[in-house]
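Could you build the full structure based on these sequences and the hints that come with them?
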Amino acid sequence: MRQSLVVGNWKMNGSIQSNQSLLEALKAGMSTVKNSEVAVCPPFIYLQQVSEILKDTAIGWGGQTLSEQDSGAFTGEVSANMLLDFHSKYVIVGHSERRSLYAESDQLVAEKFAKAQAAGLIPILCVGELLEQREAGETENVVKRQLDAVVNSQGIAALSNSVIAYEPVWAIGTGKTASPAQAQDVHAFIRQQIAAQDVNVAEKVQILYGGSVKANNAAELFAMQDIDGGLIGGASLQAEDFLTICQAG
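Heads up: the sequence shown at position 87 corresponds to 86 in numbering that gives the first Met the number 0, and the numbers run straight through without jumps.
Misleading hints may appear alongside valid ones.
What the hints assert, rightly or not - With a cut-off of at most 30 Å between alpha-carbon atoms, the simulated DSS-like pairs for lysine-lysine come out as follows: (1) Lys203 - Lys143; (2) Lys10 - Lys26; (3) Lys10 - Lys33; (4) Lys54 - Lys203; (5) Lys213 - Lys54; (6) Lys54 - Lys175; (7) Lys54 - Lys26; (8) Lys26 - Lys213; (9) Lys88 - Lys54; (10) Lys213 - Lys88; (11) Lys10 - Lys88; (12) Lys26 - Lys203; (13) Lys33 - Lys88; (14) Lys54 - Lys10; (15) Lys175 - Lys143; (16) Lys213 - Lys203; (17) Lys26 - Lys88; (18) Lys54 - Lys33; (19) Lys88 - Lys203; (20) Lys175 - Lys213; (21) Lys33 - Lys213; (22) Lys143 - Lys213; (23) Lys26 - Lys143; (24) Lys213 - Lys10; (25) Lys10 - Lys203; (26) Lys143 - Lys88; (27) Lys33 - Lys203.
The hints are simulated quantities; they were obtained by calculation from the structure and are not laboratory data.
Dropping the structure here:
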């Protein structure tokens with residue numbers, strides 16, 4: 000049985016004061032979370048604060064992206080080892096916003112995945128399609144292409160020490176929503192693609208849903224056979240909502 004995992008992606012949100020309140024509330028409420036692993040991914044600049052507040056708790060943390068380089072003249076970038084300096088466990092790679100806003104290619108995402116894993120971080124590999132791709136019936140082709148970029152580079156076994164997050168980009172902040180059945184269909188497809196190469200890896204890997212999970216729809220989504228938790232955006236900034244989602248795992 001796969002462990003449920005709920006990861007809060009704060010994106011470019013937070014302040015020292017608001018982070019303190021949010022994290023203390025999460026700590027206080029974790030006793031109500033029985034079945035889910037929990038983690039948060041704050042902006043880089045708050046990793047020290049997060050690591051200090053969450054040390055000795057069951058809540059993990061990580062980065063929202065990383066450089067494919069180890070060090071050097073790469074202004075504004077953050078390396079895997081820098082994330083490890085703050086005891087990060089996870090790092091998100093290939094988030095839809097990184098792919099669309101910062102032109103991260105499938106190849107670059109695969110390089111970042113490899114760099115994260117080589118350093119001992121657990122990459123959360125994001126895959127998903129745009130609205131026009133879904134409407135054109137290209138969902139499976141897009142997801143397969145994004146997944147294959149990593150598998151072809153690193154081998155299928157690499158997925159056993161990673162997390163996958165399916166993001167239907169068309170259902171994030173657009174007012175459109177994917178039904179639990181629609182989400183399950185793509186999760187099952189991802190697991191089938193992995194199983195075609197290694198059944199054991201397919202059974203083990205956690206596949207999270209990242210399409211506007213809210214407190215009022217988490218339980219129904221997480222009840223689906225191949226949905227193992229969520230990558231949570233806006234709702235992760237509200238302690239009560241985030242804890243409700245974590246309780247649904």
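To see whether the hints hold, each was checked on the structure:
no., hint, result
1, Lys203 - Lys143, "holds (19 Å)"
2, Lys10 - Lys26, "holds (20 Å)"
3, Lys10 - Lys33, "holds (26 Å)"
4, Lys54 - Lys203, "holds (27 Å)"
5, Lys213 - Lys54, "holds (27 Å)"
6, Lys54 - Lys175, "violated (38 Å)"
7, Lys54 - Lys26, "holds (10 Å)"
8, Lys26 - Lys213, "holds (20 Å)"
9, Lys88 - Lys54, "holds (12 Å)"
10, Lys213 - Lys88, "holds (24 Å)"
11, Lys10 - Lys88, "holds (17 Å)"
12, Lys26 - Lys203, "holds (28 Å)"
13, Lys33 - Lys88, "holds (20 Å)"
14, Lys54 - Lys10, "holds (21 Å)"
15, Lys175 - Lys143, "holds (23 Å)"
16, Lys213 - Lys203, "holds (25 Å)"
17, Lys26 - Lys88, "holds (18 Å)"
18, Lys54 - Lys33, "holds (19 Å)"
19, Lys88 - Lys203, "holds (18 Å)"
20, Lys175 - Lys213, "holds (13 Å)"
21, Lys33 - Lys213, "holds (19 Å)"
22, Lys143 - Lys213, "holds (27 Å)"
23, Lys26 - Lys143, "violated (38 Å)"
24, Lys213 - Lys10, "holds (16 Å)"
25, Lys10 - Lys203, "holds (28 Å)"
26, Lys143 - Lys88, "holds (26 Å)"
27, Lys33 - Lys203, "holds (20 Å)"
When held up to the earlier numbered hints, the structure conflicts with 6, 23 and fits the remainder.
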